[in-house]
Amino acid sequence: MDIKGLERTANKVRIGIVTAVHSAKCGHPGGALSSADILTYLFFQEMNIDPANPKKEDRDRFVLSKGHSAPGYYSVLANRGFFPVEDLKTLRHTGSYLQGHPDMKHIPGVDMSSGSLGQGISAAVGMALGAKLKGVNNRVYCLLGDGEIEEGQVWEAAMFAGFRKLDNLVLIVDNNDLQIDGHLNEVCSPDPIDEKFKAFNFNVIKINGNDMTEVAKAFEDAKAVKDKPTAIIANTVKGKGVSFMENQAGWHGKAPNDEEFETAMKDLERLGEEIG
Amino acid sequence: MDKTKKIATRESYGNALAELGKEHDNVIVLDADLAAATKTSTFKKAFPDRHIDCGIAESNMMGIAAGLSTCGYVPFASTFAMFAAGRAYEQVRNSIGYPKLNVKIGATHAGISVGEDGASHQCNEDLALMRMIPGMTVICPADDIEAKAAVKAAYELEGPVYLRFGRLAVPIVNDNSDYKFEIGKGVKLLDGSDVTIIATGLEVAYALDAAEMLAAQGISAAVVNMHTIKPLDKELVLAEAARTKRIVTVEEHSVLGGLGGAVAEVLSENACAPLLRIGVNDVFGESGPATELVAKYGLDADGICGSITKWIKK
Chain A
167 MDIKGLERTA NKVRIGIVTA VHSAKCGHPG GALSSADILT YLFFQEMNID PANPKKEDRD
227 RFVLSKGHSA PGYYSVLANR GFFPVEDLKT LRHTGSYLQG HPDMKHIPGV DMSSGSLGQG
287 ISAAVGMALG AKLKGVNNRV YCLLGDGEIE EGQVWEAAMF AGFRKLDNLV LIVDNNDLQI
347 DGHLNEVCSP DPIDEKFKAF NFNVIKINGN DMTEVAKAFE DAKAVKDKPT AIIANTVKGK
407 GVSFMENQAG WHGKAPNDEE FETAMKDLER LGEEIG
Chain B
42 MDKTKKIATR ESYGNALAEL GKEHDNVIVL DADLAAATKT STFKKAFPDR HIDCGIAESN
102 MMGIAAGLST CGYVPFASTF AMFAAGRAYE QVRNSIGYPK LNVKIGATHA GISVGEDGAS
162 HQCNEDLALM RMIPGMTVIC PADDIEAKAA VKAAYELEGP VYLRFGRLAV PIVNDNSDYK
222 FEIGKGVKLL DGSDVTIIAT GLEVAYALDA AEMLAAQGIS AAVVNMHTIK PLDKELVLAE
282 AARTKRIVTV EEHSVLGGLG GAVAEVLSEN ACAPLLRIGV NDVFGESGPA TELVAKYGLD
342 ADGICGSITK WIKK
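Taken in sequence, the protein lines are chains A and B. Okay, so the first sequence: first residue is 167 according to the working numbering, each after it adds one. Okay, so the second sequence: first residue is 42 according to the working numbering, each after it adds one.
Please keep in mind that the hints were generated in silico from the structure rather than gathered at the bench.
Some chain B residues well away from chain A (every beta-carbon gap over 10 Å; in silico):
#: 1; residue: Thr-45
#: 2; residue: Pro-175
#: 3; residue: Ile-224
#: 4; residue: Lys-226
#: 5; residue: Gly-259
#: 6; residue: Lys-275
#: 7; residue: Glu-276
#: 8; residue: Lys-286
#: 9; residue: Leu-316
#: 10; residue: Glu-333
#: 11; residue: Gly-347
What follows is a set of in silico ranges between Cβ atoms, one per label pair, in the way DEER data are often shown:
#: 12; chain 1: B; residue 1: Met-173; chain 2: A; residue 2: Pro-217; range: 31 to 39 Å
#: 13; chain 1: B; residue 1: Glu-306; chain 2: A; residue 2: Cys-192; range: 29 to 37 Å
#: 14; chain 1: B; residue 1: Gly-113; chain 2: A; residue 2: Phe-329; range: 18 to 26 Å
#: 15; chain 1: B; residue 1: Ala-336; chain 2: A; residue 2: Pro-274; range: 51 to 59 Å
#: 16; chain 1: A; residue 1: Gly-318; chain 2: B; residue 2: Leu-198; range: 28 to 36 Å
Because the structure is a prediction, the values reported are computed rather than measured. Glycine residues also receive a C-beta, built at the ideal position from the N, C-alpha and C atoms.
Kindly produce the complete structure, drawing on both the sequences and the hints.
Okay, structure coming up:
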């Protein structure tokens, strides 16, 4: 898919996010919208996956360590054909398989259950190690929040991955600068994020995570690196694409009401037209 | 019972892993800088490529085990009970238990028989913590024979298993020729008519000695080895309650939430026998040689016998 096609798809993924969270009347739109471009590139371009055979052994793996961005994950999986897009409206409803946080036992395409911050990265590291030991030539991708990396377990996992030279592992930090209690700099800033991962023996790439061309280049560049895992520090805008949600910590975990939903859909419709 | 050759169940764990590694190439062992103590060093010697030292980072080790299990490996994640069930509780719950992954947790140095290291390292809460996780099988073997059988059975069972091993060398209690280990099935080692002692782990041997002492005082005690804490052998508990009308649980663990807690739940729902729980009485342990601590906390044969006589007389 070309860049324009990917941008168009990312916009559809955003529409799915807003629709799902609106229907659930709760959930986490901010960080799902900020990472929509990265998720789209991974699932529509980068990863070796098959919606008809979600468990095929040599598939690339993805772990959403920032599990609360589930609406983004589900929207991209649905748009990619793992399950009907219509089902996004059942997010968080009693009896739906679309749980509030990723559930590998019930959701096609989900490689690891997650949601408790800091834990997904360890499972991703285990998958990357398993692939190396088995000689399977696949790659493992793991999306983390910038607030999430305040968790100590992230650095235990990073230390292990760097030490073991897991070059089949790519971490992406969704660096939207906001966490629930406010700006990272007002809570407990993990900055400088790039220097930290460098110190843990990672190849570090900094990009604008809402620019599809930069996203594409980062994943391509990561493939050429041997003997080091890669950390892509993706600067993003929380709530990206929805005017009133952009850069607002308050939209971390809140659903739009009917009126806000209409505005959000108009915003995304207009963005869609701009992409063409 | 054979008291001539005592073996710590952690030794049995290491030996059993090395055996299992020969039979199955998907067995992979993880440790957190304690391989010499947990005895996974035995496996490491035989299969260095399948032994992953995660360093002093137990939370991450549990997650790595979860990830490896999704690649078709059967990981045995090993560390002290304090760190496996305590420090990494939430990782075990959310990254292993919730997705029902095929990870085995080999927890050594459980209970106060850790000895000299003291309260910070004496985990008397692990059975309770692990028992609360839906779908988790919890096994506490009594001796070398049972510990080896438990490791094999855990491998054969699809799903998460918590295995509790000890540091202290213990006698062999399961040396009878018809011994068979089955997850969820308690083993009656001694018959008796006045009281049934249900013990687990190293307390099984002490319970057998206590039963002999009780017999000398005219009290006929049955002894059950309850190696599986979850799923608990409810049928056996209820059958014994109906038969002897007095149940005593003995464990090297808090009286809250472990074997005593599990048996109390079964009995209270059926109201068929009074219960005495012998264990660590909601206190932290302390430093001292293991056998001295076991005696000090009333968990040796003398202590068990004394508690039971006092209880029956009352």
